[in-house]
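Asks: Listed here are the chains, written in short residue letters.
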Amino acid sequence: MPISLKVNGVERTLECDTRVSLLDALRDHLDLPGTKKGCDHGQCGACTILVNGRRINSCLTLAVMHEGDEITTIEGLGGPEDLSPMQRDFVSCDGYQCGYCTPGQIMSATGMLAEARDGMPSHVSESLIGKANLSDAEIAERMSGNLCRCSAYPFIREAIARNTEQSQ
Amino acid sequence: MSDSFTMNEAQPRLLDTTDQGLIGAPLDRPEGALKVSGQATYTAEYHPEGMCHGVLVRATITRGTVTGFDETAAAALPGYLGLFHGPEFLRNPAQGMAGKAPTQPGDRVAYHGQPIALVVAESFETARDAAARIVVHYDEQPGAPVDPETAPSEEPDDRTVQGDLDAAMRKGAATLDRAYTTPGHAAAAMEPHAALAEWEGDHLTLHGALQMIRYNKAELADAIGVKPEQVRVLAPYIGGGFGSKLGISAEHISAALAARALKRPVRVVMARQTVFDAILRRTETAQRLRLAAETDGKLTAIGHEDRISNLEGEGFAEPTAAATQFLYAAPNRLVRKTISRNHRTPSGSVRAPGEAVGMFALECGMDELAETLGICPVELRLRNIPEKHPETGQTFTAHALAQALREGAQAFGWDKRTEPGTRREGEWLIGMGVASAARTNMLIASSARVTLTRDGALVETDMTDIGTGSYAILGQIAGEMLGLPIDKVSVHLADSDLPGASGSGGSFGASSAGSAVFLAARKIRDELAKRLGCAPEDVRVDRGQVTGDNKKAALADLLVEPIAMEASIESGETAKTHFSSGFGAHFAEVAVSEITGEVRVRRILGVFGVGRVLNEKTARSQAVGGMIWGVGSALHEELSHDPRTGHIVGRDLANYHVPSHADIPAKMEVRFLEERDDHANPIQSKGIGELGISGAGAAVINAIHNATGLRVYDFPATPDKIVQGFMEHGR
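Top to bottom, those sequences are chains A and B.
Each residue of the first sequence is one higher than the one before, starting from 1 at the first, in the numbering used here.
Each residue of the second sequence is one higher than the one before, starting from 1 at the first, in the numbering used here.
Since the hints were made in silico from the structure, they are not lab data.
Keep in mind that the hints are not guaranteed to be accurate.
[To be verified] Here are some of the chain B residues that sit facing chain A, going by a computed Cβ distance under 8 Å:
id	residue
1	PRO30
2	LYS35
3	GLY38
4	PHE124
5	MET190
6	LEU234
7	PHE326
8	ILE466
9	LYS617
10	VAL649
11	GLY650
12	ALA654
13	HIS661
14	ILE664
[Claimed, not checked] Stretch by stretch, here's where chain B covers chain A in the computed footprint (C-beta under 8 Å, at least three residues):
id	stretch
15	47 to 55
16	101 to 109
[Unchecked claim] With a Cα cut of at most 16 Å, we get these calculated EDC-like pairs of lysine to aspartate or glutamate:
id	chain 1	residue 1	chain 2	residue 2
17	B	LYS530	B	ASP487
18	B	LYS576	B	GLU9
19	B	LYS227	B	GLU88
20	B	LYS100	B	GLU294
21	B	LYS667	A	ASP136
22	B	LYS667	A	GLU158
23	A	LYS6	A	ASP82
24	A	LYS6	A	GLU115
25	B	LYS617	A	GLU158
Yeah, the Cβ is synthetic: ideal placement off N, Cα and C, and Gly gets one too.
Construct the entire structure; sequences and hints are all you get.
Replies: Dropping the structure here:
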């Protein structure tokens, strides 16, 4: 069936099978393979994107459920020549190795910072109200949906910490 | 590949005389911008015109014969293109460096989950649906042994027997005789195994998530019955390997066969569950460690016996006692292995095969023996460092164990370690643990080509970068040798049309492929010397200037004609006379909840001697990655098998627990000791990625003991085992 999405600020229409996940729609139908498929079951976070500003696992939702939604993928954050500050920090901190989980880590981190700005607490937050202080423990907790088998975790968090409000 | 350099003697340290400042420098990865912007293209991300999609059909019996497939329900689906199976299909992936097809079982099934056919359709969704609709008929042979305890076993004859272990155990002032068990592990690389096959006439191009291109090309050609020159394999980006992508597997063969039959490109990506079932796992182990020592801590006996498992016909046997063979001196030694032949998913190389699990026994055993003797575990290790390889008598090359233990202890604050079970912060018991690190270092035949023009240098080899940093370090070696800034060097990798290198495996890639690049660049320097008019040994090439014998020229002026050189290296005499290994020490601090048994790792320090460090940043990442794998194997990771079928249960990333952010502290520190391994290779470097895991888990387990007084012998040390220990000790 036909779907229209706003992907990285651009109106995109596609005709697709109702069984196509949002992840596969991006990777196989919209030529945006930057979003990765690691498990297809919402267990690894490699497919994290922003839908209407909030992070989700794009493998766990069908493309046809997103008529009119605003989608942001890694390609929308910044290209190789105009990297966002977070992307640049992943490079300089070596917050990756093989690079496969990396777009998901970066999109998840971007969504996570927005959640923290909006006062959303996490399991390790000292208080349920007010702004969270994004300590390393907070970042670790909030990023634990994104696996990295190369295990670049300390360096991923170093890159993210450079982009929190406190550090700006 | 005319004149291959053979490593017959120690080589001069040329990289210590160059002045470009690239070697060792913590440079960013050159492909970094592509990776963080989603522009690095992995196997499944090419979309050639007309591509169709394959999904593997897998056996639902453990042992037997496939007698037929019923396609009726699948064929009714619009977009269904066909079912492919036959004699070329593989039973399991090729083992590392096989260079020929693995077992091709025809219609035989040897383990639950074995790929037996491929369904191809116009879309992934249709192929997935169709694969589920294929009805497979079997002639099942029930009763396949799947329990390593009771399955038939065999003993390879390469055991070590020196002196009399039993006598030494009887006489020892202090002895230890313990059984340790480790479960199977999955590599669980983030990129699922994938292939994209495309034929042009009788030539196959295969994009594959593969670690060893030179071998993979030969394996693929052999498996499908074509000549190697008809096959091209490409893998510019690989989403992690850790041994799981060493050899070709079902997706490559089936994609190639279907693409040939359909005359269309075929993509096959394994579902995550298929990766768990059909990709080689790390075997479970049952180990017995025996140690005997004098009162001063001098070991008199080391015995390490282990039972591992693999499918009949697989040559790979986890070398569990690899480090035990050379880490500590003792006159009486026994190393013996038993291989259980059963019908679980076959086993193969997963990061540091051998050391990753064998060092749990050795290093936890040393910790316990130190306690029995009343000697500091750091000191006990220092007292038992051998002067020569205890089994072979070979001379060690650069050997950093003592220095790593001493410097690590000081940097970590080891002197603040208290008696077991005495340091407490509320419900948390705090402890520190230590373990040695050791991982054999190898040089594997490699070739590379370097081309130098006025615009810069181009490095070409089929070496892969699986996240290890090959793109970075190979460029740094060429730039350093040719006096170029790093942005004047480009690196082309992982194309089987390029000179063949070792590939990524066994931590030998950087040193082996790096040495080939070094030698090719050295040939270019020789040519530059000739063009300048000086002796090759006098030439210096730094920062765009070529000098020698009081002559000087700008590099560009000597490059009216470009220079292209290819070089090859292979191991030689030094590998016989000398024994090269990375060494190091892991120090871990943990907190253990007295209530829940949860273990929190607070900090880990790894101190390593890895020869020359080629890039401090990527080297650190490799080491830390390995150390975190150590945490995973100590605390979380465990493959479980259905006792009836051997089938892996919990075969996904929610049930197989790899470490996540919340499991890993920010304080993962690494120190590299200043070291050159002159006998290893001409760049004096050694492997890193596996040294980081070797011993790391044992340091965590030993820290748990120091925190709680408990010893765990059955890994991983999950909370249930800790709580059980508390209950048994009346807490």
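Asks: Confirm or reject each hint.
Replies: Hints, one by one, checked against the model:
At a threshold of 8 Å, the smallest CB-CB gap from B/PRO30 to chain A is about 10 Å, leaving the interface hint violated. Evaluation of the B/LYS35 hint against chain A yields a held restraint, the C-beta minimum of about 3 Å falling below 8 Å. A least Cβ separation of about 2 Å between B/GLY38 and chain A falls short of the 8 Å threshold, and the interface hint therefore holds. Look at B/PHE124: its Cβ gets to within about 6 Å of chain A, closer than 8 Å, so that hint holds up.
Checking B/MET190 against chain A by beta carbon gives a least distance of about 4 Å; that is within 8 Å, so the hint holds. With a cut of 8 Å, the hint placing B/LEU234 at the interface with chain A is violated, because the nearest CB-to-CB distance is about 16 Å. With a least beta-carbon distance of about 27 Å to chain A, the hint placing B/PHE326 at the interface is violated under the 8 Å criterion. Interface restraint check: B/ILE466 against chain A, minimum CB-CB distance 6 Å, threshold 8 Å, status holds.
Nearest Cβ of chain A to the Cβ of B/LYS617: about 5 Å, under the 8 Å cut. The hint holds. With 8 Å as the threshold, the beta carbon of B/VAL649 stays out of range of chain A, its nearest partner Cβ sitting at about 15 Å, so the hint is violated. Violation of the interface hint for B/GLY650 is found here, the shortest Cβ-Cβ separation to chain A being roughly 11 Å, above the 8 Å cut-off. Residue-level restraint check for B/ALA654 holds (minimum Cβ-Cβ distance to chain A is 4 Å; threshold 8 Å).
With its C-beta approaching chain A no nearer than about 4 Å, B/HIS661 sits inside the 8 Å limit, and its interface hint holds. Among the interface hints, the one on B/ILE664 holds; its C-beta lies about 4 Å from the nearest C-beta in chain A, closer than the 8 Å criterion. Check on the stretch 47 to 55 of chain A: 0 of its residues sit with their Cβ under 8 Å from a Cβ of chain B, so the three-residue criterion for coverage is violated. Here's how the stretch 101 to 109 of chain A fares: 4 of its residues keep a CB closer than 8 Å to some CB of chain B, so the rule of at least three is met and the hint holds.
A hinted pair counts as satisfied when its Cα atoms are at most 16 Å apart, and B/LYS530 with B/ASP487 does not qualify at roughly 26 Å. The hinted pair formed by B/LYS576 and B/GLU9 meets the criterion: a straight-line CA distance of about 11 Å does not exceed 16 Å. Between B/LYS227 and B/GLU88 the CA atoms are separated by roughly 15 Å; this keeps the pair inside 16 Å, and the hint holds. Restraint check for B/LYS100 and B/GLU294: the C-alpha separation of about 50 Å exceeds 16 Å, so the hint is violated.
The straight-line distance between the Cα atoms of B/LYS667 and A/ASP136 is roughly 10 Å, inside the 16 Å bound, and the hint therefore holds. For the hint pairing B/LYS667 with A/GLU158, the CA-to-CA distance comes to about 11 Å; that is within 16 Å, so the pair holds. The suggested pairing of A/LYS6 with A/ASP82 is violated, with an alpha-carbon distance near 21 Å, which exceeds 16 Å. Distance check on the hinted pair: A/LYS6 and A/GLU115 sit about 22 Å apart at the alpha-carbon level, beyond 16 Å; violated.
Proximity of B/LYS617 to A/GLU158 is assessed by CA-CA distance (about 14 Å); at most 16 Å being required, the pair is judged to hold.
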